[in-house]
Amino acid sequence: MMHNITVKVCMGTGGVAAGGGEVLDAFLNEISSEGIAASIEKRCSPGKVGCRGLCAKDVLVDVIIGNSKVTYQHVKTDMVPRIVKEHILESNPVLEWAVGEDYHNFHDRQQKVVLSDCGNIDPEDINAYAAVNGYIAARKVVTSMTPEDVISTIKMSGLRGRGGAGFPTGTKWEIAGKQDAKTKYLICNADEGDPGAFMDRSVIEGNPHAVIEGMIIGAYAIGADKGYVYIRAEYPLAVERLKKALDDARTENFLGKEIMGTSFNFDILIKLGAGAFVCGEETALIASIEGQRGMPRAKPPFPVYQGLWGKPTVINNVETLANVPYIMRNGPEWFASFGTEKSKGTKVFAITGKIKNSGLIEVPMGIPLREIIYDIGGGIEGGRQFKAVQTGGPSGGCIPADLLDTPVDFESLAKVGSIVGSGGMVVLDETDCMVNIAKFFLEFTRAESCGKCVPCRIGTKRLLEILERITKGEGKPGDIALLEEMSVDIKMASLCGLGQTAPNPVLSTIKYFRHEYEAHINEKRCPAGVCKDLLTYSVLEEFCKGCGACLRACPAGAIKGEKKKPHIIDPSVCIKCGACLDVCKFKAVKKE
Amino acid sequence: MVTLKINGTEAVVAEGATVLEAARNAGIYIPSLCQHPKLTPFGGCRLCLVEIKGLPRPVTSCTTPVSEGMEVVTTSPTIERLRKTVLELILSDHPNDCMVCEQAGTCTLQELAYEYGIRENRFEGERRIYAKKDGNPFIERELEKCIMCGRCVKICDEVQGVEAIEFGYRGFDTKICTSFEDDLDCEFCGQCVSVCPTGALTGKLWSKQGRKMGVKEVDSTCPYCGTGCTITYHVKNNEIIRVTSNDDTPNEGLLCVKGRFAYKYVSSPDRLRTPLIKRDGLFFEAGWEEALGLIAERLQGIKAEHGPDAIAALSSARCTNEENYAFQKFIRAAVGTNNVDHCARL
Amino acid sequence: MEVIFIIGSNTKETHPVIANRMIKAFRKGAKIIVADPRKIPMVKFSELFMNMRPGTDIPLLNGLAHVIVKEGLQNEQFIAEKTEGYESWKKSLEVYTPEYVEKITGVPKEKIIKAARIYGGCRRAGIFYTMGITQHACGTDNVRAIANLAILTGNIGRESTGVNPLRGQNNVQGASDAACLPNVYPGYQRVDLPEVREKFEKAWGAKLSPMPGLTATEMMNAAIDGKIKAMYIMGENPVLTDPNMHHTVKALGNIDFVVVQDIFLSETAKLADVVLPAACAAEKDGTFSNTERRVQRVRKAVDPPGVAHDDLSIILDLAGRIEYDMQFSTPAGAFEEFGRLWPAIAGIDYHRIAHRGLQWPCPTKEHPGTEYLYKDGFPKGKVPFTVVSYTPPAEITSDDYPFVLTTGRNLFQYHSGTMTRRVVPIEEHAGTPYVEINPEDAGHLGISNHEFVKISSRRGELEVRARVTSNIPAGIVFMPMHYHEAAANILTNDVLDPVVKIPEYKVAAVAIKAV
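Residue numbers (numbering that gives the first Met the number 0), protein chains in the order written: chain A, 0 to 591; chain B, 0 to 345; chain C, 0 to 514.
Keep in mind that the hints were calculated from the coordinates and are not lab data. Predicted model only: the values in this text are computed from it and were never measured. All residues carry an ideal CB built from backbone N, CA and C; glycine is no exception. Wrong hints could be hidden among the right ones.
To be verified - A partial selection of chain B residues facing chain A, derived with a Cβ cut-off under 7 Å:
#1 Gly43
#2 Arg45
#3 Pro76
#4 Ile78
#5 Leu81
#6 Thr84
#7 Val85
#8 Glu114
#9 Arg118
#10 Phe122
#11 Arg126
#12 Ala130
#13 Phe166
#14 Phe171
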């Protein structure tokens, strides 16, 4: 019992939501309470750590005694006394609560760079970051390297922007560095807006200092003395941790005037976004920081030439910047050893949808989709059939089952009509209607269009209207061609990335699932059984026992029938809620 | 100076010019709805898309600065197809009631629809309908006709410095309104009306008074303050129905609320229509013969009795140079006194 | 233009389109300084706002000069080559330290120093003013103080510089050029110089009086004294626009025969013996000269109502009746004769200004006009610095009249309102007279927004609704001049500037109470 004892409680947003705070308190209480307190207190250090990725299993708790670690899943406060008693005091881990094989699979297949310290260190303690070599790279850069050296290191690493477009980071810095301007800006884009994406949030929550260190290095390379983190106001925990991290970094003179005893000045301001998706677009983001409505402006001129307040401005995504200290610390060759020829390094993805292990993962670029979905993700929930994976959020496309061996990198995903994007991955199965999926994403982009340019403002509305029509069974011959025509024109004519990619879900679903569109339009049928207006519920006489369960369950009173005789559903009254199907024990309700 | 090629022909323009400016300079037409020479580029209407060698997609010529050696193509089957799609999209959300629209004949959208021959529209769908919220007596707003080109917002901010209006809401629901839809705080200069390319913003006073047919335009000078803005009276049936100003005037086409909207005094029923002579404290209508005869007689009489300096005259800063010249000459030479002044001091 | 110094001009409301031009310069980086008793709309664009007390222009301007000299920002070369009297004038500035000026003007000394550095540190700076400078008993000295500042820094005689009075009415410039002034013939040629008089006697074929005449305000005084027997008023409304309205009405009542020629039956016309119906600006041909001396065409768009005639036709007719030959019969003819007698416009004719006006001096048909004056030096060689000292306004506040009333225009109405008040939308929007009062004062007096108050001065009293606004400092109230039903000029002081006889509209002592 002379080992160091550490208890680590997941306190990411997922962890906190699942009760991480209470669990942490429970451990603190339990450990310091009567009897056992005296013998353990000194050695045990319950800390707050950031996201561990597998949010589906929160609250996750590591109990580390010496070199042995046991991770518990789904921890609730009432489980804490037993863990403390049996595991910490009696050295008998409570194995029935520990994570299983899938948890290990989930982690073992991953390659962590950006997330390597997330979940292991206390994000609110600058010393914890320093203990894992934090700020060493920044110190080396500002005290002993020229900006040109920094840029060439980043160029050698092959790092490309993780925000979506994959522009080479070193090149962007190089252009900005060459601009002859007294004032330049570095902006960290943390306006993560794709539905289902939470990579950036997790990085800032789990390791804010890595982002700050990356910004210091970037600012030094391009010659900026002021930086902004543009972050969504909907990320209060990330904002709070970032604020603390900035304050601590200032106290340590990593930020401010004459950083680390050099003549280099750099400080970072936080700018809160108000929840407009389009503000993730860099020119809209700039407009928003300038206090204007978040509307994109045309490029060229690109922000590296004329950005914030008309000055050269580099905008990098959170993940991009968080990679930088690791690259500077371990060398560009190390980073370039991960990934493919053109897409170096690793990428963080948020996998969600109909998958067993939904959560945050970091994998080397080039890993096949199949590995992500089946090995890391654990396959489809409920043993259903995989249908497609939507990558890149509303700007991306759907990739069907027969392309599951596509490597996940910038070029390969583009080739199959999708994008890496910021790293969202939504897994769809046989119960998803692809027309409906396209409609879902169009609803999002239609609502989030800033309204400035015609193709996006009216075009997405018209696309959506056609999709709505199709899913209602009012599709007309020619609709598919019209959708394709419009989509191409909207992509070409729109002002910013939002409009230029908004039709992608439509185009990729038509490309790979044209038959589903045709079934909706020509046969007025939804093959996945999702589009309500195309469904009919009927009772199969031969199976119906006349038990009356469906009749009682129907909220619309659409079912009639005498006891012990087959019932009938009146289609003119039926609201297609599916309640009858759910309650029928005899499989006598048919949905088609 | 920068040399570039537009449609294969070399053009030389000043550095910092946009591709659109370079093209117009070279006499090449590019359609546009949102661009306006007085305003910073917007790039919203997407009609001025051009192809530039080396760029992966068409770009708006109004926002793209020229660069040395640039090669621009202003028209191609793809570009024309995109322009037509954009126009159809705009018209799919437009009332298309040109028959009764105040702007017909001077509407850029109408002209472009005509040019591109848009009769059928591939994109039918929901149109924006707004509850009318219109307290002001000067500017008529028909937001259904608004194409969101942003000219009104930009001129109000950049030129007028008032920022009375803004873009509100998002996507298809975007509309031009006051910030947070608060009460309008406006100078009613009507600059927004003058740059609106459609019938979304017009003068309230203009309604049903006349458009282009049978309207005579007369250039003159504003009768209000000393700025001396050049104005154009639109006249129909001996009545002024509208006042505008051209961009190539010393005032660059800008007017204020008085210059643009305060012209109805001309046709006021209170105007004096005939000479009046007061008898026993009451005015009686008189003919010119009688009135001027009386004045001549009295002036001559007073001059004879009290000398010319018993007569004083006030002229007007409202009258023309010629009238003022004639008036003082009359007072000095015909009456014989220097007792003539005007309100310069007041 | 790099620096725009606006003093005593509510440019955004009284010259909106000139304000547009200033905003354009502002967008290109020009710095704007505003000095005004009220927080006027241009303050929004200003680098610096000096919220001065009414009638303290001279100490403020002298204070700026004091700082400029003290900091060595003056233009030595310009002073040596083009001015005289610098040393003695410089001495007179000594007392105007920022501390002293702060005490009089209420402008913090830091702002005075900053303004002096901005204006004095720039060689492309222009000063813009209107009646806020001139409508004071010390108006002439105010202008001289401005001129001192311009020649101290050499900010005159070049593009984007100068002393720029903004003319309040469409043709004040032209009416002055054409000599509707008692002391000069057309083109500012003095009536008391025999050689000049002979030239005009010859040209006009008549014997001319060698005696300078009376100014408008002097005419009213002379009428009270019974010295004026007839008055001919063309297009003026002195009852509403002259200070001390009761005095004006009494004066006109004392005149045997009053003729008013106008487009409406104005307050003045109602007092006339004969009223003649005239054509308005849209019903006649001719020219106006704007504030930049630009002679521009006025064209007939519509016919006058009834039997109304344009003013020129009426004058010609009347001249004929007293057997004087005017020698021209059309506007073009009148303009041509005007040009023959005044070389500055000799090069201008209707043909040349058909599309765009020309700025005088324009002495020949080939001359392109003159955008700014004094490019080649000053007419009299060297220009003198003039010592001007602070004199408080003629009427200062007292226990009985504790508030300072200042008057002016608003954006929507124009002058006495004869035109704008007959335009329905203007009246709907801005048809109610008001007095602006600071919330603090309103609080003390128990006055609430939009409620009636009674305002009185030593000359009269009226009732008007209060507009409570922090745009006006405590102790000062503002009234627009446009409204006959609450005519600000019932209250204003008819004391005159001794040189140019402009009344002090901008400062009167008044009392206010809630009703």
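**Item:** Hint numbers contradicted by this structure
**Value:** The structure breaks hints 3, 4, 8, 9, 11, 12; every other hint is satisfied.
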